[in-house]
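Trainee: Note that the sequence shown covers residues 0 to 209 in numbering that gives the first Met the number 0.
Derived by calculation from the structure, the hints in this document are not laboratory data. A virtual CB, placed ideally from N, CA and C, is assigned to each residue, including glycine. Among the hints, a few may not be true.
Okay, the calculated beta carbon distance ranges per label pair [unchecked claim]:
(1) Ala-149 with Asn-100: 22 to 32 Å
(2) Ala-164 with Gly-137: 32 to 42 Å
(3) Leu-167 with Thr-18: 19 to 29 Å
(4) Asp-40 with Arg-148: 30 to 40 Å
(5) Gly-145 with Gly-166: 34 to 44 Å
(6) Gly-130 with Ala-173: 14 to 24 Å
(7) Pro-53 with Gly-137: 37 to 47 Å
(8) Gly-130 with Ser-54: 36 to 46 Å
(9) Val-12 with Gly-172: 25 to 35 Å
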Amino acid sequence: MRLNWLEARGELVCAVIDTPIGRLSLSARGEALVSIDFVDDAPLDFPADAAALPSPLAQAGTALLDYFQKALVIPRERGGFQEALVFPRGRGGFQTGATWNVPLNPVGTDFQRRVWQRLADIPLGTVVSYGQLAREMGSGARAIAGACRANPYPLVIPCHRVVAAHGLGGYCGATDGGWLDIKRWLLAHEQACHWEREPESPETNDHGLQ
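Full structure from sequences and hints, please.
Mentor: As structure tokens, this is what we get:
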């Protein structure tokens, strides 16, 4: 999925959507999406008529909600986190070749932007390791992990699809607790969508790393 970088101009505007993994705040300037942040304590602020929002917020919010609706999600309480049972129901979004028309304006180094573009090309239902990406990009695994941690667009730039060689790795700078629950949930959600789309290829379910 090619990402469209665009210089952000104008006043910062925000919207908050509710998802099975918590509330997400979308921020935009002009025609560019600036960031996506986890904000569980924020009030909801996404109107039923998305057209009432500025274009980047309407498009991004609608696309993210569609991503979560690609599988039937039944929440249940586990600790303080909304775990979910996921059953396939159609194809999942945010995959290689998917359309993402919202321009982005990330703040990051050239190296981070190159990593983020590579992350956007990881297909739905698959994972890669920090070490594998490091070898591809001629850097160290820690540098890849740092770029993942600095990712301003979780889900859209799927840093959750990057795992450790012998485990899940971290998510959003954390290596335990609720953040890893979110990472597990996202991978399970995408795997369910992936199976619905490509049931003839069971070998693609292998999360082993080369």
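Trainee: Are the hints correct? Go through all of them and say.
Mentor: Results of checking the hints against the structure:
1. The given range of 22 to 32 Å is respected by Ala-149 and Asn-100, whose C-beta atoms sit roughly 24 Å from each other.
2. In this structure the supplied range 32 to 42 Å is violated for Ala-164 paired with Gly-137, their Cβ-Cβ distance being about 18 Å.
3. At roughly 20 Å, the beta carbons of Leu-167 and Thr-18 sit within the given window of 19 to 29 Å.
4. Checked against the hint of 30 to 40 Å, the pair Asp-40 and Arg-148 fails, with Cβ atoms roughly 22 Å apart.
5. Taken as a hint, the range 34 to 44 Å is violated for the pair Gly-145 and Gly-166, whose Cβ atoms sit roughly 18 Å apart.
6. A hinted range of 14 to 24 Å for the beta carbons of Gly-130 and Ala-173 is consistent with their spacing of about 20 Å.
7. Distance hint check for Pro-53 and Gly-137: the Cβ-Cβ separation is about 39 Å, which falls inside the suggested range of 37 to 47 Å.
8. Separation of Gly-130 from Ser-54 is about 39 Å and conforms to the stated range, judged on CB atoms against 36 to 46 Å.
9. As the Cβ distance of Val-12 to Gly-172 is approximately 26 Å, the hint placing it in 25 to 35 Å holds.
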